[in-house]
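S.K.: Chain residues, written in single-letter form:
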Amino acid sequence: MRLTKEDVEHIALLARLHLSEEEKERYGEQLSNILEHVGKLQELDTADVPAMASIVVERSRLRPDEPAAAMPRADLLANAPDASDEQFKVPPVLDGGP
Amino acid sequence: MSGGLHELSAKQALAGLRAGKISSVELTRAYLERIEQHNPRLNAYLYVAAESALQAAAAADKQYAKARRSKGGKLPALLGLPIAVKDVLAVAGMPATCGSRILENFVPSYTATSVQRLLDAGVVVLGKTNTDEFAMGSSTENSAYGVTLNPWDETRVPGGSSGGSAAAVAGRLAPVALGTDTGGSVRQPAAFCGLTGLKTTYGRVSRYGLVAFGSSLDTVGVLARDAADAGLILKVMGGYDPQDATTVEKTPKLEKPSGKSLKGLRIGVPKEYFIEGLSAEVENGVREGIRQLEVLGAKAVPVSLPHTEYALPVYYIIAPAEASANLARFDGVRYGLRVAQDDLIEMFKRSRGAGFGPEVKRRIMIGSYALSAGYYDAYYGQAQKVRALIRRDFDNVFKKVDLIAAPSAPSTAFRIGAHGNDPLEMYLEDVFTLPANLAGVPGLCVCAGFDGQGLPIGLQMLGPHFADERLLAVAAAYQKVTDWHKQAPAL
Chain A
1 MRLTKEDVEH
11 IALLARLHLS
21 EEEKERYGEQ
31 LSNILEHVGK
41 LQELDTADVP
51 AMASIVVERS
61 RLRPDEPAAA
71 MPRADLLANA
81 PDASDEQFKV
91 PPVLDGGP
Chain B
1 MSGGLHELSA
11 KQALAGLRAG
21 KISSVELTRA
31 YLERIEQHNP
41 RLNAYLYVAA
51 ESALQAAAAA
61 DKQYAKARRS
71 KGGKLPALLG
81 LPIAVKDVLA
91 VAGMPATCGS
101 RILENFVPSY
111 TATSVQRLLD
121 AGVVVLGKTN
131 TDEFAMGSST
141 ENSAYGVTLN
151 PWDETRVPGG
161 SSGGSAAAVA
171 GRLAPVALGT
181 DTGGSVRQPA
191 AFCGLTGLKT
201 TYGRVSRYGL
211 VAFGSSLDTV
221 GVLARDAADA
231 GLILKVMGGY
241 DPQDATTVEK
251 TPKLEKPSGK
261 SLKGLRIGVP
271 KEYFIEGLSA
281 EVENGVREGI
291 RQLEVLGAKA
301 VPVSLPHTEY
311 ALPVYYIIAP
321 AEASANLARF
331 DGVRYGLRVA
341 QDDLIEMFKR
351 SRGAGFGPEV
361 KRRIMIGSYA
371 LSAGYYDAYY
381 GQAQKVRALI
391 RRDFDNVFKK
401 VDLIAAPSAP
411 STAFRIGAHG
421 NDPLEMYLED
431 VFTLPANLAG
441 VPGLCVCAGF
451 DGQGLPIGLQ
461 MLGPHFADER
471 LLAVAAAYQK
481 VTDWHKQAPA
491 L
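Just so you know, the protein sequences line up as chains A and B, in that order.
Each residue of the first sequence is one higher than the one before, counting from 1 in the numbering used here.
Each residue of the second sequence is one higher than the one before, counting from 1 in the numbering used here.
If you're looking for bench data, these hints aren't it; they were derived computationally from the structure.
Some hints here could point you the wrong way.
Result set (EDC-like, lysine to aspartate or glutamate): computed pairs, CA atoms no more than 16 angstroms apart in a straight line [what the hints assert, rightly or not]:
#1 A/40 <-> B/309
#2 A/40 <-> B/343
#3 B/235 <-> B/120
#4 A/89 <-> B/343
#5 A/5 <-> A/29
Ranges of calculated distance between the beta carbons of each label pair, as one might list FRET restraints [what the hints assert, rightly or not]:
#6 B/105 <-> A/86: 16 to 24 angstroms
#7 B/334 <-> A/64: 51 to 59 angstroms
#8 A/10 <-> B/264: 51 to 59 angstroms
For every residue, glycine included, the Cβ atom is placed at its ideal position computed from N, Cα and C.
Bound-form chain B, shown alone:
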């Protein structure tokens, strides 16, 4: 094959593996070389599993060879495909730091269901990728292990919190990567890095083995070069898991476009997503993307999600409230950092004070306050009610349209340090992605062009519950007639 093996998409690589044109060891080695060369600078991976990856690749090659000799036998769907995994998902025997000092030496003895299903399908785990601490952030600047650089412009952030996964895929340090999305943490980095990012429907993919942040919001997703690759991963990792009671036993099958034509597809364009603060270049890119969907036969109509402006305040009560409860487990007793003290309470306080970074402390305190006696109804109770209104907005709109198209983020990738001093300013980065998490609906980001500085622009599509495959099908149709997703940064 011409060019480097790292230039192949996941789908192309699998075709090459099946046809015996390439080996998994060659492919894995090509990525490990890219990682060795560029990761010291980009900081996309926090942990590289070179040895176990090459072992798994060699085993995959043996399986291919055996199947070829016996001329048959069904091979696992993703046999020999390397992937990267965000460091908030447990992979047995590999560190899971969650980007936090408090878990610096934590090595889980079990594997997340999402990852296990991929392993059962034959993937090769290259390593664990950088993230904002406990997935709280929009830039990876909140990682205790340093910021990840955006491969398109190394003075800029890759987005977050799944910024390590996004930089790894964009920089061709992995063909595809797992991310998680609690408020936009797959879609916004996908936008900043020119990728296809899928935030799955709440309940579609098991969170067993995902270190919990906001349990009513957390979803596992994919960062990929195109919709076809994202679809390959979703197909394997989705579905019911007895270990996660929120997963549904039978995934509803929704109508989706087939092939190139989007004829009959109704797209809602919500006016609340085209507001002051949205950069003109992003708006132009997104509107051009929607026009392209119309060229393919879709019909765009204006819609309204009237409670959109309340999504940010609702989110910054509910997510910290849930986080304050979930992160109570980090107490220096069973795992993680302990600052030894004679008094038990003092040990808790010192361990947590030393182990958590500033953003995590802020959110734990907001959450503790919002849930505390005397304030619960005013904050958490009210937020839950407004969340119901936001959910209702989506339900109403999806009676009229098949999907929603909007920007993924207000701007393209910002400079490292740009939002250094004001947490609220950083929170505003997520204003277009938070509502989907509050409603539990799926979202997908595709690259829809580049701004004047050569930075990718993300087009976000949202669908009703369990429309994940519909979003992928629309994105695939879009990617058949555009080539934005084929652009790669020069490293």
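Here chain A stands alone, though its shape is the one from the complex:
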């Protein structure tokens, strides 16, 4: 199956990726080739095979829910692209913001 330009744009929106026109064309072609290759999986009859959600051999145990020191706020904010009043700053999320 070949991906159309609309398919690529839809996937890019899902993935929150801005693509140039040239990228759309190139990735459309490359993704189509990769999907064609992975299409090989359809050869196998897996009706009786349970899907494998985890490869952990033993059942993993959750750690006890005990309060512990959090990472220092200042350390975390030091990596933020934009911050003020000890908070991460982003463009308005809801319509009618400032």
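Chain A is fixed; fit chain B onto it per the hints.
M.R.: Below, chain B without anything else, positioned relative to chain A:
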């Protein structure tokens, strides 16, 4: 001691440190000099922590001196040993770029458990090594910070994604280095650089502080000069960590050979790994390596892993699917690159579009597609089922044999740019290493000779879950009677 200090293996260096024949400052300085001399060309390190390394080395020397004066006291196992760390693992206060522009200025405030345990045991971190962006690639050509050169032939790639770590150890710019292996990223660079590379069992080493790529596949591993060195590192960094729920509380102890003899060891040779596309020289090297294991007393038998040909398509659905979810966190809000926009969604799209390189974008899109409404069952659901079949193949074979021996990669190190235009061609590089990640089993690569151009050939061994120490013991026996692992490139 004769020769340069950089010629010592980790084990030898530690013996020298304990005996007071060398100091950690001398040793660390020797590596920093090698780095200064060769790294501008090789590009193995993205960040060199010269100052903090020398401080840590001086502290280690003090501890040795104190123990000597008081004639006793237990010293940490790796006190004063320099190591290199792949740039996808967090070390507090050092950059962690993951080979990506999006994390160019990111400095984590915490340290990965694997690294922390090594630090607690006294290691000196020399710096952070180059990697394909977010560990996606087989050559380091996908790094945003330039390709790493293979010390054996500087026109060739060192393999990837842990290519910086491999080049650092092979070029004697570090005695030993941490890598990570999601689809072969420790074993294939080990093969290309003539090293011993250990991909640990899934659940053996904590991934806390490893920037996640494919969470059901990611493992932390070691690139070393020999099996003994790799074992030293594994022993310290493995084990249960409350911060990673996939680590097991008690590591099962499997039988392993002791000493030189491999008598009674059954080795499976899977026919699906000796296929068209495998170079004749690599095949000869690998078969000669297996013959050598037989000389040591092992018995090689043909086995079959019938679903091997499906490993590549399964991997290129599951790994991108998991990556698309894991990399959703890079949105320009809490860390990393932000391209400022008035609209929030547009900010996400522009930041990610500018911050991620081509291979990462491709994989995020494959993953997003495979997980999207209407395609989930056909792609991701089917891939999970076939993954179960691949896992079953290994379970069946390991009822009959103690380990599997096979090539690590179809060829020796390829030229920079050789797979430039076709992503699928690059994916085929991992065809012999991907199945172990899908099954969660441990794998180890040892150098088994050189091809006509003087490039190292890798022999891969795979074992059942938690057979990491068995693989190391077999490799150690092999390295007692061969000297391929002692060869070093002339820089």
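S.K.: Confirm or reject each hint.
M.R.: Taking the hints in turn, this is what the structure says about them:
A threshold of 16 angstroms between alpha carbons decides the hint, and for residue 40 of chain A with residue 309 of chain B the separation of about 9 angstroms falls inside it, so the pair holds. For the proposed pair residue 40 of chain A and residue 343 of chain B, the alpha carbon gap of about 41 angstroms is over 16 angstroms, so the pair is violated. Proximity of residue 235 of chain B to residue 120 of chain B is assessed by CA-CA distance (about 13 angstroms); at most 16 angstroms being required, the pair is judged to hold. Using a Cα cut-off of 16 angstroms, the hinted pair residue 89 of chain A and residue 343 of chain B holds, with the two alpha carbons roughly 13 angstroms apart.
As the CA atoms of residue 5 of chain A and residue 29 of chain A are separated by approximately 10 angstroms, the hinted pair is consistent with the 16 angstroms bound. Separated by about 20 angstroms at the C-beta atoms, residue 105 of chain B and residue 86 of chain A satisfy the suggested range of 16 to 24 angstroms. At roughly 27 angstroms, the beta carbons of residue 334 of chain B and residue 64 of chain A sit outside the given window of 51 to 59 angstroms. The hinted range of 51 to 59 angstroms is satisfied by residue 10 of chain A and residue 264 of chain B, whose Cβ atoms lie roughly 58 angstroms apart.
Checked against the numbered hints given earlier, this structure breaks hints 2, 7; the rest are met.
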